[in-house]
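Chains as they are written, first to last, in our numbering: chain B, 52 to 558; chain A, 52 to 558; chain U, 52 to 558; chain L, 52 to 558.
Everything labelled a hint here was simulated from the structure, so no lab data went into it.
Honestly, I wouldn't trust all of these hints.
Copies of one chain are not kept apart here, so a pair can be met inside one copy or by any two copies together.
The calculated DSBU-like cross-link candidates involving lysine-lysine, where the alpha carbons are at most 35 Å apart (straight line), are [what the hints assert, rightly or not]:
#, residue 1, residue 2
1, K152, K163
2, K192, K89
3, K477, K96
4, K477, K175
5, K58, K499
A quick note: this is a predicted structure, and the numbers were derived from the prediction, not measured.
4 protein chains.
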Amino acid sequence: MAGIEKKTIQVQLDQEVSFNNQVDYCVGTGRMGLALQKEYYDQLKLVQEEIGFQYIRGHGLFSDDMAIYQEYEDDEGNTKVEYNFTYLDLVMDSYQSLGIKPFLELGFMPEKMASGNQTVFYWKGNVTQPKSYDGWCDLVKATLQHLIERYGAEQVTTWPVEVWNEPNLSVFWKDADMDEYFKLFERTFYAVKQVDARFRIGGPAICGVDDERWIREFLQFCKERNIPVDFVTRHHYNTEMPEREGHYGYQVLTASEYGKENLHTTRNIVDSFDAFKGKEIHITEFNTSYIPNNPIHDTNQNAAYLANQLSWLGDDNASYSYWTFGDIFEEMGVPFSPFHGGFGMVANGGIPKPTFWTFQFFKQIKDGICRFRDDNTLVVEKLNGKYCIIAWNHNVTRTGKKIELSYTFPANEKEYSIIIQQVDEKTCNPLQLWHNLGEPQSLSEAQKKLLREAARPTIRSMRVEKSNQQLSFSIEVEENGVLYLEIQPIRGISDRGYDYKRVMQYE
Amino acid sequence: MAGIEKKTIQVQLDQEVSFNNQVDYCVGTGRMGLALQKEYYDQLKLVQEEIGFQYIRGHGLFSDDMAIYQEYEDDEGNTKVEYNFTYLDLVMDSYQSLGIKPFLELGFMPEKMASGNQTVFYWKGNVTQPKSYDGWCDLVKATLQHLIERYGAEQVTTWPVEVWNEPNLSVFWKDADMDEYFKLFERTFYAVKQVDARFRIGGPAICGVDDERWIREFLQFCKERNIPVDFVTRHHYNTEMPEREGHYGYQVLTASEYGKENLHTTRNIVDSFDAFKGKEIHITEFNTSYIPNNPIHDTNQNAAYLANQLSWLGDDNASYSYWTFGDIFEEMGVPFSPFHGGFGMVANGGIPKPTFWTFQFFKQIKDGICRFRDDNTLVVEKLNGKYCIIAWNHNVTRTGKKIELSYTFPANEKEYSIIIQQVDEKTCNPLQLWHNLGEPQSLSEAQKKLLREAARPTIRSMRVEKSNQQLSFSIEVEENGVLYLEIQPIRGISDRGYDYKRVMQYE
Amino acid sequence: MAGIEKKTIQVQLDQEVSFNNQVDYCVGTGRMGLALQKEYYDQLKLVQEEIGFQYIRGHGLFSDDMAIYQEYEDDEGNTKVEYNFTYLDLVMDSYQSLGIKPFLELGFMPEKMASGNQTVFYWKGNVTQPKSYDGWCDLVKATLQHLIERYGAEQVTTWPVEVWNEPNLSVFWKDADMDEYFKLFERTFYAVKQVDARFRIGGPAICGVDDERWIREFLQFCKERNIPVDFVTRHHYNTEMPEREGHYGYQVLTASEYGKENLHTTRNIVDSFDAFKGKEIHITEFNTSYIPNNPIHDTNQNAAYLANQLSWLGDDNASYSYWTFGDIFEEMGVPFSPFHGGFGMVANGGIPKPTFWTFQFFKQIKDGICRFRDDNTLVVEKLNGKYCIIAWNHNVTRTGKKIELSYTFPANEKEYSIIIQQVDEKTCNPLQLWHNLGEPQSLSEAQKKLLREAARPTIRSMRVEKSNQQLSFSIEVEENGVLYLEIQPIRGISDRGYDYKRVMQYE
Amino acid sequence: MAGIEKKTIQVQLDQEVSFNNQVDYCVGTGRMGLALQKEYYDQLKLVQEEIGFQYIRGHGLFSDDMAIYQEYEDDEGNTKVEYNFTYLDLVMDSYQSLGIKPFLELGFMPEKMASGNQTVFYWKGNVTQPKSYDGWCDLVKATLQHLIERYGAEQVTTWPVEVWNEPNLSVFWKDADMDEYFKLFERTFYAVKQVDARFRIGGPAICGVDDERWIREFLQFCKERNIPVDFVTRHHYNTEMPEREGHYGYQVLTASEYGKENLHTTRNIVDSFDAFKGKEIHITEFNTSYIPNNPIHDTNQNAAYLANQLSWLGDDNASYSYWTFGDIFEEMGVPFSPFHGGFGMVANGGIPKPTFWTFQFFKQIKDGICRFRDDNTLVVEKLNGKYCIIAWNHNVTRTGKKIELSYTFPANEKEYSIIIQQVDEKTCNPLQLWHNLGEPQSLSEAQKKLLREAARPTIRSMRVEKSNQQLSFSIEVEENGVLYLEIQPIRGISDRGYDYKRVMQYE
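Just chain B, with the same shape it has in the complex (with noise of 0.2 Å):
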């Protein structure tokens, strides 16, 4: 099954190909309390300084870690409401520091206002309806109103709103009911937009499995109740069912066309309906696993596989959001180890995983033309006669394969500097790493240190000069490799006296 497969790449300059990149739009996090952390901060820190994304969605903004719901009895014995948003402020702060805004996610239900004892999660967010609609939209408009006093309001209503989370599954919303959500999109809708009508607000923020019945009900409901939606949101994994090991599960990975076809269902959906024909859809939440504790987010394997469905995740969507931007989590605990199979591009002890350079590619040719695009590769020119290319080598079972790409562009200068940025099982694998250290537990200073270094892309460089008008070079990537390359026109000259050749005595 080894091997290797070849194709040659000649990239066009007179044309565009089509390609949506919003790779930075929105990423994931857990729950909004664990935003508190410091280990989360210097992980979000990271991504930020290193990929930079605009928003950042995850659950538990209305649970009671966060302790904005409170109630207490006055004088006659009354049940009063009070608010409380000293932690949301901190949360908040803090993401403006790192220069992100919320996606807001409107959920879980406070304890004191649900009507059940339904939860989820290790750190059990409440599931249930509320005692009283109007209950949870003072809350909300409350909540909205104090961000924007704090913010401005300009700011906040440039931040999306979303109602609930996946309420088509029980373990989400009680009974997954229907009927329910509907009422709890529609007063919310309306809550919000009393608050400030430029808010944007969507749902139906459905786990991808259910999308046919759940989609196309939730917009016949907006059709008749004539409720403007301003996007649809649902969700996006590529895996089978988990078989479950001590704290680990193992899942087999679902081709990428299976999804790809999966996403273009919803946008048939949404298209048929003449009201809503091209609205927006965000994949709120996508990954391989949906499962916190699958090692595959930590391979290799899973940086190519979504290298892959970066480069076509555009074409039906707005957005999509990589579920998680790092490994401080909890839903199925606290993990005992660094490398767990945790969602995060970011392992704790600020660790980069392979995935993380996938995006922080992707993110680097966010500005560029696209001049070529397949299954392996996408090439984009930029500013001054410099190309970026990302290749990729994406599989579902190991093959051993590798592949060769040979690409020619049209060439002008008479020498071009090659960067490459390599990221493969040989080359930054922090699994490995800490495979090979013993599968540590705890790590010392010195190990984390040493881990972060190693988890950095491999460079190399090299220098082509053109031939009969043509720039032509090959590269291969490994297996479950992917690669950046910077190509750029060289224009200086060396200094008076410089001889590089000289000086490595290869002459």
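Got chain B sorted already, so can you dock chains A, U and L onto it with the hints?
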């Protein structure tokens, strides 16, 4: 000429091999006035964080840009002396904050105290004798007294004192006048001891070419005059004369053995005096080339050649101070390019050169017990069954030859983790990357970041099981490569349910 | 009632006055799980940089948010135990990086190990006995063993160990069951010693109200069972019962003497046992009020009252740990305002409260020799003819009274510099500024900066010449004020031509 | 002579008072070579963080320590020119990182290009005409071209260009040769425009004494030669000749009105030319004294005097650049003491002088609408009903006189918060503290910290209720004091149960 050379190393644990590792005792620097600069500070900070030297030595303490020696006319028209320690305090505070202490070289001559106007370097250090030796001694005493007031006698008296620099060269000491130097030495020696008898004072700080005559006569002089000199100093470089080309000089390296013999001669001369037998010799400067515009300093060749030297320099000497830690220097003027063959371990822009890692690796084995040493490798044992290895492949000219080293250790544990840090022309070669970027004279921030990342060792790892109570493994060292290995027993077990091979689909 | 009270202080230099200054031995903290938070870290960092404590003590090591104790079912359906040290490592690493060590309080009970479901606080610490004492001992041993592996036995065995918290209150220990506590103590004591006999273990950690009975019976129990308890612990607060009003509790302070006598009783009880005579007593919590919503903690009154206490707490006790360093706390829920009467020396937003400076001042005189001590002032002599003074004007209720203190020292030098740092209601009162800002619940970044700046001591200075071999000067201390003075001889002279009076046009 | 002067200020809100606040347009600096230093960087960072200027102007761009202009001999023995931008890049990168842009002063003359060897200052700036005007123009063009390549034409062309410095003084321009300067100006003007016509270029950069003749003839020259000069520049100082004493110079301040009239003369001359009527005048240097060793720069008197000047300097001028931001300077040599009368707003050691706050206060009112302005105070209105006031008590000689200012505002809200930042000889006077410390020449780290803390404004606050639809309050301004007030309505209410008076025992 290419090929592979093989060696086998059988490590014994029942005996200690002699090895005097003083890698971190002292490091050289550009003139003291440059220590006011921010780029200098940033480079020294990097060096201290990653390596950590105890002392720093350079020229120019009394040169005019430090502004210590001042004269003025009083109301009666008499010339009076005053001292200005503003900049000296800034420099010394900066050193304190970086955890490094000065190895005080007394020189050059303040212009107003000088008997002539001969200067050395672009920055014009005056190299003539003092108009008045009393004035000179006052200056020395006032300076040391001030330092004691500021930093305490306990600390300051641990700073070694060296009298002048390379007086055996007429460019550094007018006419290379030996008798005049001896006079300077004797006067200075007693001036310093008068401040505090605990100070340790040495000389004659000669460049390495003339050692036989100068060292012998210096000691003869001390012996005759009963001067209890505390240590002897000289320099050590390893190249032929340079061939100039534009801003650069190219030189042929001399064989490592040649330098070793030359240094041993000095040891023998010192030991030939009964009064001075075994007296400490400090090499207060050493490097491959003695010019700050020789591109060799930026190469992997330099790193490997010096790894060899660090393995034996302590045999005859109490210390050896690499000339210099960074590339803020200026002796030949301001360099035009970031890579210009400066002496530094760090290039401008905060980019570690390969040689940086040679020192970092030797620092890491500082506290180990040496178990093996030959011309290409060192093995030390540390606490808790941990071993560290340094291996190098050093060359005077290009050979194309790799070396393969096969190690065997007695082993008690079942399995071992081996972490390899690799610095060679293929894996850690910022000079090559800079060349492939087109040798830019002005680095953008993005280029600096890229170069800094590419300038770190590549990290590889493996697990090896013992066999027949032995741990055996081989490594290859590329031409001009330096490797650092850490070997530790693996004692932990995998977390419940974690199966690395399953994660990686290796089975 | 207003007015001024005058005192004269004649400082003698030929005798040392007894004063046991343990101001920096230990400080209290909110529950350990909160140590994961960024705001907690930032506040502790400020405290360590400006004051610097050796130990930190708080609750919740074994509470469920630390996630240490875990159970699972194996394949045969048997319940098995496993330990998770992920968060413990994060907390301890954080403490290490801040140069502080834990004073380990063992408690509360992990839910799965608990015999009941009684909890304490908003954050629900389980306060029931273990289902199995063997299980408890295993947990204790595994935890200490893990810490030793990570930080080394040399260090970890210097961390004192205290068994549980305030078992004499039924809210903290089910039914305040004394026999059950003694059982817990004995089992724990031997479990810890089994890990390493160098560990020092103490109890009974009682709140201060019931000392006579509990301390006596605890020591009686130890005596009878031959338990070589290493130290005795209790708490110390200085208020009557609170009157509740909304989110707050208001209390009347008790006279400082009352607390002193109460503590002396404990000393006498301990000393009444031959086996324990002179045994260390550690006050593992103290403050004015024992509730975290008493606004007194934010006042200058608190600072002055505690200055008085710090001047004598060491007389009977080996240490006294201020409860707590910061305002990330949560025992009564999340506070609504930055100034909410929390225990902390630092308010949320990184704002030092007046009490912060009381500790900072006492820390500065740590290494001096005490030359004078009374109810309002302390004088210590340091090296090189330097003196430090702390003075305070403490009150239980508002009096409107200043005190004037006139000091006389024997003097050798001609002139002295006196630097005064002043903390009182007029000069360093962030609470007042916050009130005058309108008591904002959410502080903007600009308001935080303003409050932090206003929260630093005012600095004044003067020069005083000696007269009749005496240095004499007076200071006024405002109601609830605390002053810190540094007095040093002036030995330098003005720079050539510098004339301060001329500069200031004073002549 | 002492006493109190009272004024009442009735603020009107229905009309805007003219006030051109250009406080942050530009600031002066020591020579460009000093911008390489760390202490320089630290001081500029402080200035930028707390005040924030747009441009920075100083001497020495082409002086030899910047090393830009270089000559060498080629193989045929011909002299060739090359440019070295290594240090220029370091300086400009540093400015970029601090958010400040250069106001480019072209000068002084590189030694190798100079026609003579006359120099100015301790650091020896060559002030002679170029040997070749073509060579000079090439240097100017190459330098600007390089900057454009590095930072982009969009940015670089917003950097104003000024030709030379104070050519009307023979110490700065050989023989103060006016015709030669006009030649330099014309050649340079067209050289710069040739690089990019968007550059704006001005002169004649005269010191303020000779304005009538030089300004008039300069404009006459421009008119006759049809040179479309972009702006006119001059300097502005406010003292008589210095009396020298040791290292210092003492001078008498001139009345503020005197300088105002002098500047108005320049305005009139410019406006008398039809072609240049209304042309921008930039004061590219101003301060009280023009010598860097006048202790007045360190005083509160300087701060108050300049507050007055900042209130009217914009009336006739487009900008006014304080000479200088920091005390790394060197024109008269290296200072012996931290407080030595340097020009800087910041003393060495990072200690803000009182004048620092004058600029910081004026920066804070940058975006307000002026509602009142007289000789002692300015009132501006900002958004949301907020007002800011600056008040000062400026003096030429010591008077002992306070001023009391009583303000009345129209008021809509019930209650207002007033925050007062106070800088006067009693409350914010680091010079006095340094004097009382004994005028140490070398500051310890502890002394630096103490001085930095003592150098910040004292903060006071109060709440005032409106009465008869008016808000009224009074402040006292000490001799040489400067105050900054912020007044805002209080809209929030106390937290449930919080009672400040009860907390403070005020009732």
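Structure-based check of all given hints:
In the homo-oligomer, the alpha carbons of K152 and K163 lie at most 35 Å apart inside one protomer (28 Å), although the nearest pairing across protomers, at 39 Å, exceeds that limit. Taking the shortest alpha-carbon separations for K192 and K89, both the intra-copy value of 30 Å and the inter-copy value of 28 Å come in at or below 35 Å. With identical chains, the CA atoms of K477 and K96 are at most 35 Å apart both within one copy (27 Å) and between copies (32 Å). In this assembly of identical chains, the alpha carbons of K477 and K175 never lie at most 35 Å apart, being 41 Å within a copy and 48 Å across copies at closest.
In this assembly of identical chains, K58 and K499 lie within 35 Å of each other by CA distance solely across copies; the values are 34 Å between and 39 Å within a copy.
Taken one by one, the earlier hints fail for this structure only at number 4.
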